[in-house]
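Same order as they appear, the protein sequences are chains L and D.
Every letter in the first sequence is one number past the one before it in the working numbering, and letter 216, counting from 1, is 216.
Every letter in the second sequence is one number past the one before it in the working numbering, and letter 71, counting from 1, is 71.
Bear in mind the hints are in silico, worked out from the structure with no lab data behind them.
Where a beta carbon is used, it is the ideal one built from N, C-alpha and C, also for glycine.
With a straight-line cut-off of 20 Å between C-alpha atoms, the simulated PhoX-like cross-links for lysine-lysine are:
#, chain 1, residue 1, chain 2, residue 2
1, L, Lys58, L, Lys223
2, D, Lys99, L, Lys8
3, L, Lys187, L, Lys105
4, L, Lys88, L, Lys233
5, D, Lys99, L, Lys318
6, D, Lys99, L, Lys4
7, L, Lys124, L, Lys88
8, L, Lys58, L, Lys80
9, L, Lys79, L, Lys224
Pairwise CB distance ranges (calculated):
#, chain 1, residue 1, chain 2, residue 2, range
10, D, Glu129, L, Gly336, 55 to 61 Å
11, L, Tyr322, D, Gly19, 48 to 54 Å
12, L, Gln14, D, Thr61, 44 to 50 Å
Reference listing, derived: stretches of chain L covered by chain D, where coverage requires no fewer than 3 residues with Cβ under 8 Å from a Cβ of chain D:
#, region
13, 5-16
14, 308-316
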Amino acid sequence: MLDKLLFKNQDRLQLIIAVFGSFLGVTFLVTSIHYLIKVQEFGEGADIMGPNTIIVQKKVSNSGTLGLKATDFSQSEIKKIEDMKFIKEVQPVVSNNFKVMFGTKDPLVPPFSTDAFVQTIDPKYLDVETDKWHWEEGDEFVPVIMPRDLFVMLNTFMSASGMTQVSDDLVMQINCEFKLSYGRNVKHLNCRVVGFTNQVSAILVPQSFMEYGTENFSDGTPKKITQILISGKENEFGLVEEMLVERGLESRKSQMVVGKLKSIVGTLFIVIMSISIIAVLVSGLVLIQFMQLLMSRNAYEVRTLMRIGHHPKKIIRKFFLYFVRIFGIITAVGFGAFMLLKFILDKVFASGGVSIDTSITMTSILALVSAYGIFALSSYLTAKKGIFNEY
Amino acid sequence: MNITLDQIMPEPLASIKHGETSIWGNKVVLEGGKRILLNASSGKGKTTFTTTTIGLRHDYTGTIFYDNRDIKTFTTDDWTNVRTNQISVVFQDLQLFPKLSVAENLRIKNSLTDTFSDKELRALLEQLEIDNKWNQECGLLSMGQQQRVAIVRAMAQPYEWLIMDEPFSHLDVDNAKRCMDMIHNRTIEQNSGFILTTLGDSHGYSFEQELFL
Numbered sequence: 001m002l003d004k005l006l007f008k009n010q011d012r013l014q015l016i017i018a019v020f021g022s023f024l025g026v027t028f029l030v031t032s033i034h035y036l037i038k039v040q041e042f043g044e045g046a047d048i049m050g051p052n053t054i055i056v057q058k059k060v061s062n063s064g065t066l067g068l069k070a071t072d073f074s075q076s077e078i079k080k081i082e083d084m085k086f087i088k089e090v091q092p093v094v095s096n097n098f099k100v101m102f103g104t105k106d107p108l109v110p111p112f113s114t115d116a117f118v119q120t121i122d123p124k125y126l127d128v129e130t131d132k133w134h135w136e137e138g139d140e141f142v143p144v145i146m147p148r149d150l151f152v153m154l155n156t157f158m159s160a161s162g163m164t165q166v167s168d169d170l171v172m173q174i175n176c177e178f179k180l181s182y183g184r185n186v187k188h189l190n191c192r193v194v195g196f197t198n199q200v201s202a203i204l205v206p207q208s209f210m211e212y213g214t215e216n217f218s219d220g221t222p223k224k225i226t227q228i229l230i231s232g233k234e235n236e237f238g239l240v241e242e243m244l245v246e247r248g249l250e251s252r253k254s255q256m257v258v259g260k261l262k263s264i265v266g267t268l269f270i271v272i273m274s275i276s277i278i279a280v281l282v283s284g285l286v287l288i289q290f291m292q293l294l295m296s297r298n299a300y301e302v303r304t305l306m307r308i309g310h311h312p313k314k315i316i317r318k319f320f321l322y323f324v325r326i327f328g329i330i331t332a333v334g335f336g337a338f339m340l341l342k343f344i345l346d347k348v349f350a351s352g353g354v355s356i357d358t359s360i361t362m363t364s365i366l367a368l369v370s371a372y373g374i375f376a377l378s379s380y381l382t383a384k385k386g387i388f389n390e391y
Numbered sequence: 001m002n003i004t005l006d007q008i009m010p011e012p013l014a015s016i017k018h019g020e021t022s023i024w025g026n027k028v029v030l031e032g033g034k035r036i037l038l039n040a041s042s043g044k045g046k047t048t049f050t051t052t053t054i055g056l057r058h059d060y061t062g063t064i065f066y067d068n069r070d071i072k073t074f075t076t077d078d079w080t081n082v083r084t085n086q087i088s089v090v091f092q093d094l095q096l097f098p099k100l101s102v103a104e105n106l107r108i109k110n111s112l113t114d115t116f117s118d119k120e121l122r123a124l125l126e127q128l129e130i131d132n133k134w135n136q137e138c139g140l141l142s143m144g145q146q147q148r149v150a151i152v153r154a155m156a157q158p159y160e161w162l163i164m165d166e167p168f169s170h171l172d173v174d175n176a177k178r179c180m181d182m183i184h185n186r187t188i189e190q191n192s193g194f195i196l197t198t199l200g201d202s203h204g205y206s207f208e209q210e211l212f213l
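If we strip away everything but chain L, and leave its shape as in the complex, we get (with noise of 0.2 Å):
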């Protein structure tokens, strides 16, 4: 009885227009954060190194071959690039300045051996177990990550001498020897490939290797940094290949293609989220503004009832139940078109190629779950103040 006195005289109209505003905020809302965290999880796991780091060097010219123009990067360099606003870090890549040969030691594979480049770098951006990156002298063997590009020549080389070739999985378990010599100083030590990476062209080691090999067998000479990493903030690639252009500074294409296109898919669904965020807030207000409304337009009613005995809290739980159950079946027919959207979305993906995790984000329902509490509390709020303002 107290719903059709209160909720009768109203004007249907102005509510399914608010209503179905806050059904496309709910819905592209929920869309657009899922896929901004799908698109930054792009990439994660898919190598050893993170999706946001790069390794680069300076353009090699004719000059620099000359050696009239320098090819490795001073600390100054390092500096003003690490003080860049969409640059989350700048650190140095460690090269060898000492012989080393790399080579297979393993009676199930031909015997491999080469002239190797290591490198070695801040354990934290290797998406690889502590544990397992570990070497002091005396261990068994050193572990290394081996770049894709020189998996493949062994494999090639493999299949050239009529063997058959190797998984990732199998390539780890076969044993494999580094030799490190400087003049009549030679030392042959065990190592296993723990990882392999698409980004460095080099052998990766662990640090304490490289200081074993500097401190044993270099020269003397000391070392240039002639590579750096640089890992970007999300969403801001386009600014780090920018500024890679200015000055002169080059990194593997594929590494700035996934990073340029994270970029411009992010910043798309950014700019998705925030028209999304002011659709919700508008239809919200416009739902607050059509709650006042009808409150006022029911002054008289809800006046006399509580003149005759109703009690105001009683009045203001109809309003607000009513506002939140509106809003209620709005998140869930939403959350329900997001799913759809996403069945349809995550196929377009996989039939362009691109392999994204369809599991669903807990920020997504987070961002459901806040925007219905705001909603509520506001509703319940407005229909206060209303009912008081007639007591």
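Got chain L sorted already, so can you dock chain D onto it with the hints?
Chain D alone, transformed into the frame defined by chain L:
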């Protein structure tokens, strides 16, 4: 419950000179269980008395006590309890819901205390000869019929006081008499009192106390 009006002076009436017997500016005790007539011509403050006494207006000086408690100290919960269980009112402008039927208007009040069944409510309407209007929208009734619905609605709760502001202004003598009988019986049954404001007609009833403005 006794209602005491101690030196009450509503702001709109402060500039008018009131007599020694007037309830305005003097101390008046309305003893529980009494049947009281408030007889005055238009513009003297009958509705002001009603709305001030039941806490709807606060623009006055002086103090109103329910027993020994100043009504200005009442909380929302207190007023809800007063309006549900202690004081029932027939407003001059009736305060019915015109879009609801007679039955719904009565139920919306009766549901607070479940004082009567639908059958009993219909029987009360029958006493006032409007039981055939049970399903009719209140807004479509004549003023006299609406007044009778408002009176029945005021009956549909327990009360210690029934305050009526010109409740028979649109009723003929016979209908006013029927209403008076119903009010008398219900009031006696609950051992309560009532205050009736009129423009001069006592409707043939013997009141125990008369107030002046």
